[in-house]
Structures are given as structure tokens and as C-alpha cells.
Amino acid sequence: MKLSELQEWRERAARGISVRGEQKDWRIVVSMGTSGIAAGAREVMRALMDEIERQELENVEVALTGSLGMDDVEPVLRVERAGETIVYGNLDPDAARRIVTEHIRQGRKVERYVIGLPKEKE
Amino acid sequence: MPAYRSTVLLCAGGGCISCGCLPVREAMEAELKRRNLADEVRVVQTGCVGSCDLGPVLIVYPDEVFYQKVSPGDVPKLVDEHFLKGRVFERLLVKSAETDNLIATQREFAFFNKQVKIVLENCGVIDPENIEEYVARGGYLALGQVISERTPEWVIEELKKSGLRGRGGAGFPAGTKWDFVRKAPGERKYVVCNADEGDPGAFMDRSVLEGDPHRVLEAMAIAGFAASADQGYIYVRAEYPLAIRRTRRAIQQAREAGFLGRNLFESSFSFDIDIRVGAGAFVCGEETALLASIEGKRGIPRPRPPFPAVSGLWGKPTLINNVETYACIVPIITRGGDWYASIGTEKSKGTKVFALAGKIRNTGLVEVPMGTTLREIVYDIGGGVPNGRKFKAAQTGGPSGGCIPAEHLDIPMDYESLAKVGSIVGSGGLIIMDEDSCMVDVAKFFMEFCTDESCGKCPPCRVGTRQIYGLLDKITKGEARIEDLHLLEELCGMVKESSLCGLGQTAPNPVLSTLRYFRDEYLEHIVDRRCPAKVCPSLIRYSIDEAACTGCSLCARNCPENTIFKVEDQKKYRIDPARCVKCGVCFDVCRFGAVVKS
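Just so you know, the sequences run in chain order G and X. Just so you know, the first sequence maps onto residues 1 to 122 in this note's numbering. Just so you know, the second sequence maps onto residues 1001 to 1598 in this note's numbering.
Same shape as in the complex, but just chain G (with noise of 0.2 angstroms):
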């Protein structure tokens, strides 16, 4: 093995464990309450995950949390970044990808899913 083939290795393997290390920049965080998952949030968190990994992001985590308590507009998610916070709710596996590609990757809300304004994290 030459060092230049250890280096490119090292850089494949690296994505496999790239759960297990720091903090990233930017977090996705999926309503999995009752009625989130009723009303597909399984569906859009898989979503979510398959284009993270198909656009090769590696500054985003997915987490879950309770019921955010809007179950009428569900399922939603909060996407956080540097104290900023957006939801969005009434979402769909196509929307997840949306807001992958247009949120995270262009910097740009897709507004037409926004259900909650920016806010300060506490």
C-alpha cells in the first residue's frame, strides 16, 4: 500500500464514524411523538438521511425528540444552526429533500413549509 492509498482509506472510513465525533454545525431535529409518527415523520426522517448521505454532507446530525406539540401540522422538524432555529411543519419525504438541498446546502428556507420564525436558542 502506498501512503496516498492509506490517505483515501482513511478519508472513506472517516464517514463511517463520523457520528462518533464532534458536534456538527448544522442539526435536523425530527417530531417522533404518536401522532408525528402517524402522520409519516418515519418516512420523512428517512428521507432526510438518504439525502444527507447521497450529497455527501457531513456537517449535519439527525436527531429525534417527543411531540413538539403541533399535531395539527405535523410531521415536523426544527432545523438549527448557530443558536438559529426554523420549523417546519406539514412535511413529506419530498420535502425533507427540499429542505435538505435548498436549507442546508444553498442557505435558503423553504418558506413554504415554514411554520415557526427564527428564534434566539435559550
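Think of the hints as simulated: they come from the structure by calculation, not from any bench. Take the hints with a grain of salt, since some may be wrong.
Simulated pairs of lysine-lysine, DSSO-like, Cα-Cα distance not exceeding 30 angstroms [what the hints assert, rightly or not]:
no.: 1; chain 1: G; residue 1: Lys24; chain 2: X; residue 2: Lys1085
no.: 2; chain 1: X; residue 1: Lys1297; chain 2: X; residue 2: Lys1183
no.: 3; chain 1: G; residue 1: Lys24; chain 2: X; residue 2: Lys1114
no.: 4; chain 1: X; residue 1: Lys1597; chain 2: X; residue 2: Lys1566
no.: 5; chain 1: X; residue 1: Lys1582; chain 2: X; residue 2: Lys1571
no.: 6; chain 1: X; residue 1: Lys1582; chain 2: G; residue 2: Lys24
no.: 7; chain 1: X; residue 1: Lys1160; chain 2: X; residue 2: Lys1183
no.: 8; chain 1: G; residue 1: Lys109; chain 2: X; residue 2: Lys1085
no.: 9; chain 1: X; residue 1: Lys1114; chain 2: X; residue 2: Lys1183
no.: 10; chain 1: X; residue 1: Lys1572; chain 2: X; residue 2: Lys1582
no.: 11; chain 1: G; residue 1: Lys24; chain 2: X; residue 2: Lys1033
no.: 12; chain 1: X; residue 1: Lys1571; chain 2: X; residue 2: Lys1534
no.: 13; chain 1: X; residue 1: Lys1572; chain 2: X; residue 2: Lys1597
no.: 14; chain 1: X; residue 1: Lys1566; chain 2: X; residue 2: Lys1534
no.: 15; chain 1: X; residue 1: Lys1183; chain 2: X; residue 2: Lys1161
no.: 16; chain 1: X; residue 1: Lys1316; chain 2: X; residue 2: Lys1457
no.: 17; chain 1: X; residue 1: Lys1160; chain 2: G; residue 2: Lys2
no.: 18; chain 1: G; residue 1: Lys24; chain 2: X; residue 2: Lys1117
no.: 19; chain 1: G; residue 1: Lys2; chain 2: X; residue 2: Lys1161
no.: 20; chain 1: X; residue 1: Lys1077; chain 2: X; residue 2: Lys1095
no.: 21; chain 1: X; residue 1: Lys1077; chain 2: G; residue 2: Lys24
no.: 22; chain 1: X; residue 1: Lys1420; chain 2: X; residue 2: Lys1160
no.: 23; chain 1: G; residue 1: Lys24; chain 2: X; residue 2: Lys1095
no.: 24; chain 1: X; residue 1: Lys1161; chain 2: X; residue 2: Lys1457
no.: 25; chain 1: X; residue 1: Lys1085; chain 2: X; residue 2: Lys1033
Quantities reported herein were computed from a predicted structural model and do not represent experimental measurements.
Once you've looked at the hints, dock chain X against the given chain G.
Just chain X, lined up with the frame of chain G:
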């Protein structure tokens, strides 16, 4: 590679395996599958996390949520709460010792957040049986860079700059040793790793081999490059089957990947490693005895010089370091000798792993910068002495070390400071004792160990340790006279001065240091025939306080000698002192505090 949103690290160090982590893993995998989460959540079996009293332990990423004492029965609920609903499952969290608050994450837990992990940086984080995870953490890059871009002199220079000293006990500067071997004349040279961790209570070397074996292999290959050796041996005791299995597998994987074998990284440098399993004699941790054992001879030491650096394995120059020393090498090469030297004290650089045990709340492996005070280790990391008892002393260095009494709690833990108070860093065993520990009994325990383990080659050790043990035994039985104390001291000095190897030279240390700080306790045993800690069986007696006795008969039913009988016409019990063997069972089982030890 599929992207998992979460990884469960399951500690599979020796400690957690023995408290049942493998069934937890099976339950976890089955439950994740049942809940259709198997391709979202990945379970990784790691080496020792360090908090051995809390096992089986799980750490869930992201967020580093720390679950303790998990049983297979907890798993369905845990999966439901944490992975399906995204809530922390509170019942399995750790509670803070001071505030009773729940501790959710590893970084909030004082046991972990006060530690600085260099040697153990991968232990409990990666899967030791998967080379890919070691590579992901930068593994073998140091070896590749050294071979492709550096010279042996550069490696030795960095090592000298780092100030690293051998972690096996003696603390000899590693860079100097490597340099000796490099400069020693001879065509054939060897690199040996001492993994014959014999100090009762120390298990950091086992943990490194179990949790991060590639780190040791990579360091040995770097050592081979620096010393121009092409063969390495890891000498590991047979009592470490898991370490042996994982190291074997690691060697196999490293060979397949081209990190061991011929022409590494397309250079002219070749290096390979084999394992030699020792039968578990304490003396084989001594380097000349260890080398004899690898050669297939009886494991007994020989006089030095010549040192192994000049004439070691099969008479060839041999570089020998222990596991923890090798575990420091890769970080030093990667981050530089100056970086390493910035950690620790003036003469003791870097970190040291201590195996914390005894009368302390959090036991396990802790890695701290050299110079951290004993108080910080005992109270901040260890969580203090449980059950409201008071700290009495700490034994460092196992049977070769000494005790540190409460008045020296603020001592910085480094080679020089410990030597000043008559103890040693040694291999890093750290046993905490409270008021219920009898110091004469402790000294006797270690002396018994050395008596058993003496190889018998030199008379001062073979005969001397036995005589010292005999005197200690007399003292604990209340049969000694004051002259025996002087004889004891004289004998200790003689054994220390005239023994051939480190075993005998250090064997009297526990006696000398307990005599230095707890002489009064020895005198009480001899003059008053009393054991103040109420440990020595011959000097205590059990009786039943008839006012407190409820006549429940629990003590009588548990007494192995049937010496507890019912007082006629009364609902009370009494112990026959003539036949009592002082096993203490009655004391332990009584629920009313009616059995009195005096």
C-alpha cells in the same frame, strides 16, 4: 457505506463482558431489527470505556448519551424511548454523587470530563476488531509518513523531545532507550512489547490490547523502523485470552492491509509481529526473565548489564517497552514531541493511566496528565470514598510500590513526587483504602504475593520474602514481640539491597512505607494485641449484644461452624468464643446490628 443516524457503542472490555454485555448486544440487535431500525442505528462493540463498575455500559451517538448497568430486559424499552421516540431513557442514566441529579451524557460525567485521553483515546470509541475504524481515526498514517518521509534519527529526536518515560514502572526515558538500540552494533535486532501485566489491580495494558490493538502494532513497527529491527514480539500473559484474540486478529488484518510484512509502503523496510503467550508468572514482567521466556527457557532473570539494548533476545540488541509506552508513540509522531512535552510536569511528561480500585465510588481506568494530584483523582474523578468512610491511604504501584497517607493527598502524581514520599508510579495500580483497611494486613497481602511469585533464583528474595511474610503473619496474629519489628526492618533493607531483580528489590516497599506512615498500627498489633481496623481475625472477637438481639436465628443458621446457640429460656443467641473461627458471616447477615465486632 450506509449512513446511520445513530451509533450505539457497547463496551466489550473484559469487565463489561463478565457482567453480561454480550447478551445485551444480542437483545439490542434483535430489538432494532424488530422495530425496523437496523439500518438507521448501528451497534459497535468497543474496548474498555473505563468505568468498569457501571457495566454493561452503552454510549449513544450523536449526543453521547451514557447508559449504565443495562440488562437485556431493559433493551426493548430503551429502544422504544431513545431510538423510536427520541427521548433519553432516564432510568438507566448515572446519578451525580453530590447532587443526585441525573447525568445524561458522557461529557457531563465528572469521571470522564476530568480525564485527558491520549493512550486511551480510541478505547471505547472504535471497534477493535475492525481495522477500518482504526484507519478512520488516522491509523497507520504515522507509520506511513515515517517510512516514506522521515529518518530513524528524526523519530528518535521527536521521542527525546517528548520526554516520554517508560510506563512499565522504572520510568526510563524512551528516546534514550530507542537510541541505544539503534546504535548497538549488530545486524539482527528485535522489538519486544511487554504485555505481561502482573501487578494485581492494574489492567491498562490489557485494556489497550483489547480496545485498540492496532495502536500497539503501529508503534512497534515505528520502533522497528527507528531501531532497524524487522521482527517484533508481543509477550502477553495467558490470563488475557480476549487481549490475545483481538491482538491476533489485528495482526492478521494489518498483514492483509500491508501494514505488516515485507516492503512496507513500497520501501525496503520490512517488519512483522508475532505473539508469545506467557504462563502468567509475575517475574516474567521483568525484562530479562521475559526475554528468557520468549526464547523458550525458564522465566528467570539474569544480572544486568548487559542490558537488553545491547544483548537481549537470542543475544541480539532488543528494544523492549511495555504496552502503555507503545500506546503513546503514535500521538507523539503525529502531533510532535513538543506537543507531548507540553502536558504533564517538568520531569514527568504526558499522561498516565491509573487503575482505580478499592474503597472508592467510581472504579475503573482513568487517564490524567502527570502531576494531577491524588486528591483530584480520588475525589473529582473517583467520586470519593463511599459509605461515609474516611480516606486512609492509597497504594500505588501494587506489590512493588508503597502507600500514600491522607496527609499527602495533595501530592502531584508523577515519578519524582511519589519517590519522595517512598512510593512509585509503577505500572499504575491505585488502590484506595478507608478506615476499615488494616495496613499490616495490606503489607502482608502484598508480601504473600511476592513470596508466591519469587522465582527462587536468588536467596535474598526466595528466603527473605518468606521470612518477612512470617514476621508479618506473627504480628497480625498478636504473637510478635517488639524486637520483631526491628528484625522486620533489617530484613526489608537486606532484601531490597541484595536481590537480583526488580521483584525482590521492590518487594519490601509496601512494608517499609506502611511502617513509615502507620507505625502506630504495627505497635498496636504488637503491644496491645489489637487490630484498630478490626480486620486481623486473631485480634478481634465477635459477640452478640443481647439487648439488640431479636432472636431471629439468622446468624445461627448461617454460622458455618455451628458455634452460635440459643440461650435457654430466652429468645436470644450467643456465640461460643472458643469455637468461633471469626469468619464474620454473623456480622454480615444480622439485620439488627446485634453482632458486635471488638
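Hint by hint, here is what the structure shows:
For the hint linking lysine 24 of chain G to lysine 1085 of chain X, the alpha-carbon distance of about 21 angstroms falls within 30 angstroms, and the restraint holds. Between the alpha carbons of lysine 1297 of chain X and lysine 1183 of chain X the distance comes to roughly 28 angstroms, so the proposed pair stays at or under 30 angstroms and holds. As the CA atoms of lysine 24 of chain G and lysine 1114 of chain X are separated by approximately 23 angstroms, the hinted pair is consistent with the 30 angstroms bound. For a cut-off of 30 angstroms, the pair hint linking lysine 1597 of chain X to lysine 1566 of chain X stands: about 19 angstroms separates their Cα positions.
Among the hinted pairs, lysine 1582 of chain X with lysine 1571 of chain X is consistent with the structure: their alpha-carbon atoms are about 23 angstroms apart, no more than 30 angstroms. Taking the CA atoms of lysine 1582 of chain X and lysine 24 of chain G, the gap is about 61 angstroms. The hint is violated against a cut of 30 angstroms. Proximity of lysine 1160 of chain X to lysine 1183 of chain X is assessed by CA-CA distance (about 15 angstroms); at most 30 angstroms being required, the pair is judged to hold. Under the criterion of a C-alpha separation no larger than 30 angstroms, the hint pairing lysine 109 of chain G with lysine 1085 of chain X is consistent with the structure, at around 26 angstroms.
Between the alpha carbons of lysine 1114 of chain X and lysine 1183 of chain X the distance comes to roughly 41 angstroms, so the proposed pair goes past 30 angstroms and is violated. Distance check on the hinted pair: lysine 1572 of chain X and lysine 1582 of chain X sit about 20 angstroms apart at the alpha-carbon level, within 30 angstroms; holds. For the given pair, lysine 24 of chain G sits about 27 angstroms from lysine 1033 of chain X by alpha-carbon distance, which is consistent with the 30 angstroms threshold. Note on lysine 1571 of chain X and lysine 1534 of chain X: the hinted pairing holds, with a Cα-Cα distance of about 28 angstroms set against a maximum of 30 angstroms.
With a C-alpha separation of about 18 angstroms, the suggested pairing of lysine 1572 of chain X with lysine 1597 of chain X holds against the 30 angstroms cut-off. Pair hint lysine 1566 of chain X plus lysine 1534 of chain X holds up; C-alpha atoms about 26 angstroms apart against a cutoff of 30 angstroms. Only pairs whose Cα atoms come within 30 angstroms are accepted, and lysine 1183 of chain X paired with lysine 1161 of chain X is accepted, the gap being roughly 18 angstroms. Of the supplied pair hints, the one linking lysine 1316 of chain X and lysine 1457 of chain X holds, its CA atoms being roughly 24 angstroms apart against a limit of 30 angstroms.
A distance of roughly 28 angstroms separates the Cα atoms of lysine 1160 of chain X and lysine 2 of chain G; the hinted pair therefore holds under the 30 angstroms criterion. About 22 angstroms separates the Cα atoms of lysine 24 of chain G and lysine 1117 of chain X, which keeps this hinted pair within 30 angstroms; it holds. For the given pair, lysine 2 of chain G sits about 29 angstroms from lysine 1161 of chain X by alpha-carbon distance, which is consistent with the 30 angstroms threshold. Between lysine 1077 of chain X and lysine 1095 of chain X the CA atoms are separated by roughly 20 angstroms; this keeps the pair inside 30 angstroms, and the hint holds.
At most 30 angstroms may separate the alpha-carbon atoms for a hinted pair to count; lysine 1077 of chain X and lysine 24 of chain G meet this at roughly 28 angstroms. Taking the CA atoms of lysine 1420 of chain X and lysine 1160 of chain X, the gap is about 25 angstroms. The hint holds against a cut of 30 angstroms. For the proposed pair lysine 24 of chain G and lysine 1095 of chain X, the alpha carbon gap of about 27 angstroms is at most 30 angstroms, so the pair holds. At most 30 angstroms may separate the alpha-carbon atoms for a hinted pair to count; lysine 1161 of chain X and lysine 1457 of chain X exceed this at roughly 39 angstroms.
Between the alpha carbons of lysine 1085 of chain X and lysine 1033 of chain X the distance comes to roughly 16 angstroms, so the proposed pair stays at or under 30 angstroms and holds.
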